[in-house]
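Enquirer: Top to bottom, those sequences are chains A and B. Residue numbers for the first sequence follow this note's numbering, so the first one is 1 and each next one is one higher. Residue numbers for the second sequence follow this note's numbering, so the first one is 1 and each next one is one higher.
No wet-lab data here; the hints were simulated from the structure. Don't take every hint at face value.
A few chain B residues that face chain A, going by a derived Cβ cut-off under 8 Å, partial list only [what the hints assert, rightly or not]: (1) V28; (2) Q180; (3) V190.
Below, in silico cross-link-like pairs of lysine to aspartate or glutamate (DMTMM-like), each with a Cα-Cα straight-line distance of 25 Å or less [what the hints assert, rightly or not]: (4) A:K109 x B:D100; (5) A:K109 x B:E40; (6) B:K109 x B:D182; (7) A:K109 x A:D132; (8) A:K148 x A:E110; (9) A:K109 x A:D62; (10) A:K148 x B:D98; (11) A:K33 x A:E195; (12) A:K141 x A:E209; (13) A:K148 x A:D130; (14) A:K109 x A:E70; (15) A:K148 x B:D100; (16) A:K33 x B:E184; (17) A:K33 x B:D176; (18) A:K141 x A:D222; (19) B:K109 x B:D142; (20) A:K33 x B:D100; (21) A:K109 x B:D98; (22) B:K109 x B:E83; (23) A:K141 x A:D198; (24) A:K33 x B:E159; (25) A:K33 x B:D182; (26) A:K141 x A:D207; (27) A:K33 x B:D189.
Please read these numbers as outputs of a predicted model, since none were measured by experiment. A virtual CB, placed ideally from N, CA and C, is assigned to each residue, including glycine.
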Amino acid sequence: MTAALPPYRRDGMQAHPPRDHAAYRSTALRHPKQPLLPLPHSMTELTQPMLGTGAIGELDHDLTQQHPGEPIGERIIVTGRVLDGNRRPVRDTLVEIWQANAAGRYIQKEDQHPAPLDPHFTGVGRCLTDNDGRYRFVTIKPGAYPWKNHLNAWRPAHIHFSLFGTAFVTRLITQMYFPGDPLFPYDPIMQSVREESDRQRMVARFDMETTEPEWALGYQWDIVLRGPETTPPDPDEDH
Amino acid sequence: MAAVDQPRPIRAQAEGIVMQELTPSQTVGPFFGFALPFPEGPIVAPAGELHIVGTVYDGASQPVPDALIEIWQPDATGTFPTEPRPDGFRGWGRCGTDADGHFGFQTIKPGPAEPGSAPHIGVVVHARGILHHLVTRIYFPDENAANAVDPVLSRVSGERQATLIARPDGDVLRFDIHLQGDHETVFFDV
Ligand SMILES: [Fe+2]
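With the rest of the complex left out, here is chain A:
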C-alpha cells in the first residue's frame, strides 16, 4: 500500500496566461468559453509516467553535434534547475526542447519563412534532470522569425521547453526567451502573461560562470513547476 498522495498547490496559477488573448489571434476559436470544471486531484492527476529512462541518446542534449558538420550560429549553453513550487529540485524528469536555427527557420516543412535551413541543425534536444534538478543543453542561439499574426509580426528568439515534473498536473510547455530582446513588447504570445514579474521568469539570464572560454556563451534559466501541498523532508537537503 502506498500513502495517499497529497494534492498539488493551486496558488500562483495566475502566472499562466489567459486562454482567451485576443492579440494572439489563434486563441479566438481555440479557447473554451464554458468555465473550467474544478477537478479535485485523484490518482489520475497525482501520478506521472516514467519517461525518457533508457531512451535518451548520448548526444540528445547537444544540438550542435547531431550531424556530421557544425551548425552555423552562435554556440550557447543553456542550463538551469527544474524546481517545484516548494523550491525542491525535480529529479530525473524529462526535459524536451525544440527551436528554430540561427536564421530563424524551423526544419518543419510547414515553416515557409524564406530563411536558410541549416543541414547541420535539427533543433531538437532532450535530457533528464540530475539529482539537483539540473538540465543542460548545448545549442545554437535561435533567430527571431516572422509570423502572420499581424502586419510585421516577429517572434522574439526563443527555445520551446516541454516538462512533465512529478504529476499529471505539473505538465508544462513553455518558451525560454533571451535577455534584452527588443521584440518583447511587440510579442502577443509573451505579452499574454499578465504580470511583468511573471514574464521575467521566462527570460534566461546571461551567466559568465556558465560561459566557457573560447567556446560558448552561457545562459541560466530555472523552471518552476507546481509543488505538492505537503512534502516529505528532503533527505539531501540541509534545513
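Given chain A, put chain B with the ligand in place with the hints provided.
Expert: The following block gives chain B with the ligand in isolation, referenced to the frame of chain A:
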C-alpha cells in the same frame, strides 16, 4: 497506509513558503511536429486491442491540424505503471493531429483507479493558439453504472456529460474534442 517510519510531511504554506513563483505556460506553437511526436507515441499498450480515435475541432467546427494530444491511464487493474513493464504497457501516449485534425491511440481499457471512480483516461490538449494546455477525461460508454456515481462525471450537467464519454464507432471508440462551440468538450481546472 503510510509506513510507520515515514518522515512527517511539511505543510508548505505553514512553513512560511511564499506563493509559488511558477514558470508561465506558453503555446506549443505551430512547429512542434518535427520534435515532439514519435512513432511509438500513440502506442500506450503494444498488445492493446482498444483503439481510441478522435478529431480536434475549433470553435468554427474546423479540424485542428496542429494539436498534440497526450493521455495517461492505469492498467486493467487500475494500477498506474511506475516502471517499464515486460508487456510494454506504458500508460502514457502522445499523438499529434494530422492534416484532418485526427489522432488515435492503441491501448487497453483501464480499470477504476480508485474505489467509486469510473474507468477513465486523463487527456491533455496542446495546440497552436492554446496558451495553456487543456485537460479533459475520456470515460467509457459501457460503464453506465460506474459513470453514474463517478464523483467527477456526476457533477457534469447531463447534456455536457456526453462530451466526456467516448462512443462506439465500428471497431473503435471515438472521442472527438471540441475546443469551443455548441459541442464544447468539458475541460477541467486542475
Ligand atoms: Fe517557436
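Enquirer: Work down the list of hints and note, for each, if the structure agrees.
Expert: Quick rundown of the hints versus the structure:
1. The beta carbon of V28 (chain B) is positioned within 8 Å of a beta carbon in chain A (closest approach about 5 Å), and the interface hint is therefore held.
2. Interface restraint check for Q180 (chain B): the shortest CB-CB distance to chain A comes to about 6 Å, inside 8 Å, so the restraint holds.
3. The criterion of a C-beta within 8 Å of any C-beta in chain A is met by V190 (chain B), whose closest approach is roughly 5 Å, and the hint holds.
4. The suggested pairing of K109 (chain A) with D100 (chain B) holds, with an alpha-carbon distance near 17 Å, which does not exceed 25 Å.
5. Simply put, K109 (chain A) and E40 (chain B) have alpha-carbon atoms about 21 Å apart, close enough for the 25 Å limit, and the pair holds.
6. Using a Cα cut-off of 25 Å, the hinted pair K109 (chain B) and D182 (chain B) is violated, with the two alpha carbons roughly 29 Å apart.
7. With a CA separation close to 38 Å, the supplied pair K109 (chain A) and D132 (chain A) exceeds the 25 Å bound.
8. In summary, the hint linking K148 (chain A) to E110 (chain A) is supported, as the alpha carbons are separated by about 13 Å, within the 25 Å threshold.
9. This hinted pair checks out: K109 (chain A) and D62 (chain A) have alpha carbons roughly 23 Å apart, not beyond 25 Å.
10. Taking the CA atoms of K148 (chain A) and D98 (chain B), the gap is near 21 Å; set against the 25 Å cutoff, the hint holds.
11. Between the alpha carbons of K33 (chain A) and E195 (chain A) the distance comes to roughly 23 Å, so the proposed pair stays at or under 25 Å and holds.
12. Between K141 (chain A) and E209 (chain A) the alpha-carbon distance is near 18 Å, which keeps this suggested pair within the 25 Å criterion.
13. A distance of roughly 39 Å separates the Cα atoms of K148 (chain A) and D130 (chain A); the hinted pair therefore is violated under the 25 Å criterion.
14. Proximity of K109 (chain A) to E70 (chain A) is assessed by CA-CA distance (about 22 Å); at most 25 Å being required, the pair is judged to hold.
15. Among the hinted pairs, K148 (chain A) with D100 (chain B) is consistent with the structure: their alpha-carbon atoms are about 22 Å apart, no more than 25 Å.
16. At most 25 Å may separate the alpha-carbon atoms for a hinted pair to count; K33 (chain A) and E184 (chain B) meet this at roughly 8 Å.
17. The straight-line distance between the Cα atoms of K33 (chain A) and D176 (chain B) is roughly 17 Å, inside the 25 Å bound, and the hint therefore holds.
18. Distance check on the hinted pair: K141 (chain A) and D222 (chain A) sit about 18 Å apart at the alpha-carbon level, within 25 Å; holds.
19. With a C-alpha separation of about 11 Å, the suggested pair K109 (chain B) and D142 (chain B) falls inside the 25 Å cut-off, and the hint holds.
20. The hinted pair formed by K33 (chain A) and D100 (chain B) meets the criterion: a straight-line CA distance of about 23 Å does not exceed 25 Å.
21. For the hint linking K109 (chain A) to D98 (chain B), the alpha-carbon distance of about 14 Å falls within 25 Å, and the restraint holds.
22. A C-alpha spacing of about 19 Å is found between K109 (chain B) and E83 (chain B), which places the hinted pair at or below 25 Å, so the restraint holds.
23. The straight-line distance between the Cα atoms of K141 (chain A) and D198 (chain A) is roughly 23 Å, inside the 25 Å bound, and the hint therefore holds.
24. For a cut-off of 25 Å, the pair hint linking K33 (chain A) to E159 (chain B) stands: about 16 Å separates their Cα positions.
25. At most 25 Å may separate the alpha-carbon atoms for a hinted pair to count; K33 (chain A) and D182 (chain B) meet this at roughly 10 Å.
26. Restraint check: the Cα-Cα separation between K141 (chain A) and D207 (chain A) comes to about 15 Å, which is no more than 25 Å; the hinted pair holds.
27. Restraint check: the Cα-Cα separation between K33 (chain A) and D189 (chain B) comes to about 13 Å, which is no more than 25 Å; the hinted pair holds.
Hints 6, 7 and 13, counting from the list given before, are not met by this structure.
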